[in-house]
Amino acid sequence: MSRTETDRRSGRPAEEQSLYERLQEFVGRPNGPVTSARDPVNVPMIRHLTDALGDRNPVYTDEEFAAGSVHGGIVAPATALQVWTMQGLRPRPSPDEPATAAEPGPMQLLDAAGYTSVVATNCEQDYHRYLRPGDLLSVGSTVESISDLKHTALGDGYFFTTLQTYRDQHGEVVGEMRFRILKFKPRADEAPAEPASRADRYPRDSAFFWEGVEQGELRIQRCASCARLRHPPRPMCPRCRSLEWDYLVSGGRGRVHSYVVHHHPPVPGREVPFVVALVELDEGTRIVGDVLDLDPAAARIDMPVEACFVSQGDRMLPQWRPRRG
Amino acid sequence: MPTTPAARRTRTFEEVDVGERLPELAIDLTPTLIVSTAIATRDYQDVHHDRDLAQQRGSKDIFMNILSTNGFVGRYVTDWAGPETVLKRVAIRLGAPNYPYDTMTMAGEVTAKEEVDGVGVLTLDIKGSNSLGDHVTGRVTLALPRAGPSS
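If you're matching them up, the sequences are chains A and B in order.
When the letters of the first sequence are read in order and numbered with my numbering, they come out as residues 10 to 334.
When the letters of the second sequence are read in order and numbered with my numbering, they come out as residues 12 to 162.
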């Protein structure tokens, strides 16, 4: 096993520290050139957009109504601020920028480091005035902040926040937007590129456990020297330090040693509240799992439970149900 | 898609109270809705219209783009407040993706009301939830017309 070099001051792995430092150099700097909208704000695009959104506000499409309204004429939905300067299907090379950028920007650095996926997480827009047909926007962007490496449900990544300033054809600022994305490495177990072979689907130390689960067996690691059971799987016996081990197949019966009721945060695909228990197996070690089919108010220490196997996504998970007696 | 008949009358600042809840709005997330709103916002990222590519990128399906979420938040509050609402600020945070065949239910509440230089300004907290959890939480600041002097 190779040791990872760490940065002394930050405690970050050296490679991560170097990427972090390179990224921080972009903070406060322009994030690409100022770009102009391809088309002025126009009624056909407003109509497409409001049709798609099911928005029937007449100030966007009904000339007569709009003329008598607070706006005095047709306006674009304020929330479409960002739409007008989107590059569209075939982005044009920017006239202000040489065809090949001299140095890679933060996005290229992150791509090169494997943080290839993007998800938008926050958008804050301020509207100085409503846009009218004929307004021609341009947008300039500045890097406001780049976070530390964060471990998220989607995978490890960096939050990247930019500040956009939108101007009209007269140079007047019409709106501003703070936009945050997570630039991340998709989690290996969620990247369905090619079905992984069985050998690299699970970590070596715990493969026996997950392969057991796939077959409906709850396999518990056992020290081959002193017979002590241990879970979760790991290479060395905490009692005798032996590296030799095998496993037994548990009968799948146990009692709730302790539990929590999960109310918050929301978990995708799950209805809260639900019960997560530390189950003491009859064989004598403990394992964590959800207790299904149980009203959280009825959860009790020492209640008998039995294992069940449920599919979640493309894998099976061992979980628990109340058991009589 | 079903649309809400837009009210022709706009609420006045005076007739809205802090604590007032907006009626819920359920939006059927059909594939057509996800794709048409992405294209209408000029967002051609493949994850918003091509399921195969979306899955290769680790997503279970195509999903709504953030510009459209913004649009729905705007529509939701102006459907309620009326056509002459003037949006000042929309700040949203995204959570669970809006995948096709789900439903996003929008809810909102008036959380603040203040007069700024004679303009009646409201703050609303908005939430759009689907079967996976909260897709969007946000805060909207808007101005409403004032009631006439006789009322």
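These are calculated hints, taken from the structure and not from any lab test.
It is possible that some hints are incorrect.
To be verified - Label pairs and their calculated CB-CB ranges: (1) A:R250 <-> B:R104: 12 to 22 Å; (2) A:S234 <-> B:T114: 19 to 29 Å; (3) A:E181 <-> B:A118: 30 to 40 Å; (4) A:H273 <-> B:T122: 32 to 42 Å; (5) A:R243 <-> B:D57: 36 to 46 Å; (6) A:E223 <-> B:Q66: 16 to 26 Å; (7) A:Q321 <-> B:R157: 19 to 29 Å; (8) A:G180 <-> B:R19: 43 to 53 Å.
Glycine is no exception: its CB is placed at the ideal position from the N, C-alpha and C atoms.
Checked hints:
| no. | hint | verdict |
| --- | --- | --- |
| 1 | A:R250 <-> B:R104: 12 to 22 Å | violated (48 Å) |
| 2 | A:S234 <-> B:T114: 19 to 29 Å | violated (57 Å) |
| 3 | A:E181 <-> B:A118: 30 to 40 Å | holds (36 Å) |
| 4 | A:H273 <-> B:T122: 32 to 42 Å | violated (20 Å) |
| 5 | A:R243 <-> B:D57: 36 to 46 Å | holds (41 Å) |
| 6 | A:E223 <-> B:Q66: 16 to 26 Å | holds (22 Å) |
| 7 | A:Q321 <-> B:R157: 19 to 29 Å | violated (54 Å) |
| 8 | A:G180 <-> B:R19: 43 to 53 Å | violated (36 Å) |
Hint check: violations occur at hints 1, 2, 4, 7 and 8; the rest are consistent with the structure.
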